[in-house]
Amino acid sequence: MTDIIKTGNIRAAKNKAFAWIVAILSFITIFPIVLIISKLIINGYKQINLAFFTQVGPDTMEAMTAVSGGHVIPGGILNGIAGTLLMVLLASVMAIPLGVIIGVYLYENTTKRYAAVVRDVSDVMQGVPSIVLGLISYLWVVKHVTHGYSALAGASALGIMMLPLIIRSTEETLKMIPVSIKEAGFALGVPYHKIILRVLIPTGFSGLSTGILLAISRVIGETAPLMLTALGSRMVNLNIEQPTSAVPLLIWEFYNDPNMVDLIWSSSLFLMGFVLTLNIISKRIAAKSKK
Amino acid sequence: MDKPIVDIKDPVLRIENLHVSYDGIKNSVTDVSASVKKHAITAIMGPSGCGKSTLLRAINRMHDLYPQIKTTGKIFLNGDDISSISNIVLRRKIGMVFQRPNPFPTMSIYDNVIAGYKLNGFSLKKHERDEIVEKSLTDVSLWNEVKDALNKKGTFLSGGQQQRLCIARALAFQPDVILLDEPTSALDPIATAKIEDLLLELKDKYSIVLVTHNMAQAARISNFSMFMYLGELVEYGRTKDMFTKPVDKRTEEYLTGKFG
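Protein chains in written order, with our numbering: chain A, 2 to 292; chain B, 3 to 262.
Just chain A, same shape as in the assembly (with noise of 0.2 Å):
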């Protein structure tokens, strides 16, 4: 066999090693994922109905009943699936107008001081713990603005979270679209600020929604800050002034309920599904604007 064959098959042979070893590692990192999904499908699955969707969560003796009867719990988590609803769409409202202005800014100015202060200050917020943001919400909002918990001060709290997801997202969605579409525009004698919203924000949509659904499934499972700040409900409230409920925060109050541990397995695949979903259509979105 001469030298070089030799150096082939070794090659050859090396690779193949590597390639199983990327296998195996890769699946390594995905098994405990589908052991999560499949532990929560398995316990959960039976208490998802249509009571499940349309019913507020059943009293203890209720629980109680149905379980040593052997019966699904009755009743549901409604409260918790629209205070969910209700506190990210305000959250939402406040944050991604905000965000989006913010990221714009940054992208517009690079090298101004004030800038890479903002943007600094941006990515430590990304790092400040959810149950601080919590803290701070129910000094602002809870102590001063509805003078008791709320909604309001939930949906600021993860308003606050969103906030610099949204900024930095906003800012490399932009800086990514080529300089010389923003100059056609220019050319054209087109205003600054109608590029902006008409070229560059169209043009970088998919990168913004993106980075907005991340933003939002990011939040959406938040426990602690709503603790201190929307603190729970039993009711359906779609008051903005009141306490509400939250998928997460019911999954802890299941959790303090030993006759409700059916419901943990539900509520906590009904909120994996949730997010899982929104994860799977802002892939979506990149993929297709990528065509």
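By construction, these hints were calculated from the structure, which means they are not laboratory data. For clarity, every value in this text was computed on a predicted model and none was experimentally measured. All C-beta atoms, glycine included, are put in the ideal place defined by N, C-alpha and C. Any given hint could turn out to be false.
[To be verified] Heads up, incomplete: computed chain B residues facing chain A, CB under 10 Å, no partners named:
#: 1; residue: M64
#: 2; residue: V91
#: 3; residue: R94
#: 4; residue: M98
#: 5; residue: P107
#: 6; residue: A172
#: 7; residue: A174
Keeping the supplied structure of chain A fixed, place chain B upon it in accordance with the hints.
Quick look at chain B alone, frame taken from chain A:
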């Protein structure tokens, strides 16, 4: 010795003592004075970094976009100082085509052609818009190729078609001058030939300023040529004269391939 720079009567553009600096220290365009003939193709040639694109972008005040760029000197469009004209009006009169085709990626072919009107908030009736789109696309001989696909995205076209779409977008305003910044450097030879033919047709109606680093292209289609070197306008004359008997030594060396 006076520089070998041609004097043009009744020019569409007159540039006087133009200096452009990117950093406030070094000039990228140094003391350029020249006039551009109406209804002709004027080519600006020179090696990379000689300031030809910088000069071109001064003509429609593209440098306004970047506050760190300092421009001094005057440019007149049909006798009017361009610094006294608003950007919107100026850029209606001076269209620009870039090195790489850059149709707006979110817009259809139709919307790309009409983009200048739409984005500037001109309200046109549907038949007026249709007319402008058809005329502009016909002018760049793209109409027959895309008339059944006007609602498709501009980026759906081939590179050469996209570049012609960008020319149509610039023509939609019926400008006096069209500036082209190496419009064929990203295209294959066939698409390049089409654009060159197109420019030869368009010069009857428009005044064209073309930046190119392709000497053969300048020789093929331009009536007048500028040769720039290190920010300076070295020589400017009829293309035929410049290519056959260049006056400045540097022009001769460039044209004969000694550098560049």
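Tested hints:
A least Cβ separation of about 6 Å between M64 (chain B) and chain A falls short of the 10 Å threshold, and the interface hint therefore holds. The interface hint given for V91 (chain B) holds, since its Cβ lies 7 Å from the closest Cβ of chain A, which is under the 10 Å cut-off. For the restraint placing R94 (chain B) at the interface with chain A, the shortest Cβ-Cβ distance is roughly 6 Å, inside the 10 Å limit, so the hint holds. Taking 10 Å as the C-beta contact cut-off toward chain A, the hint placing M98 (chain B) at the interface holds, the least distance being around 4 Å.
Interface hint status for P107 (chain B): upheld, as the beta-carbon distance to the closest one in chain A is roughly 5 Å, under 10 Å. The interface hint given for A172 (chain B) is met, as the beta carbon of that residue sits about 7 Å from the closest beta carbon of chain A, less than 10 Å. A hinted interface residue such as A174 (chain B) counts as satisfied when its beta carbon comes closer than 10 Å to some beta carbon of chain A; here the least separation is about 9 Å, so the hint holds.
Violation of the numbered hints given earlier is absent; every hint is satisfied by the structure.
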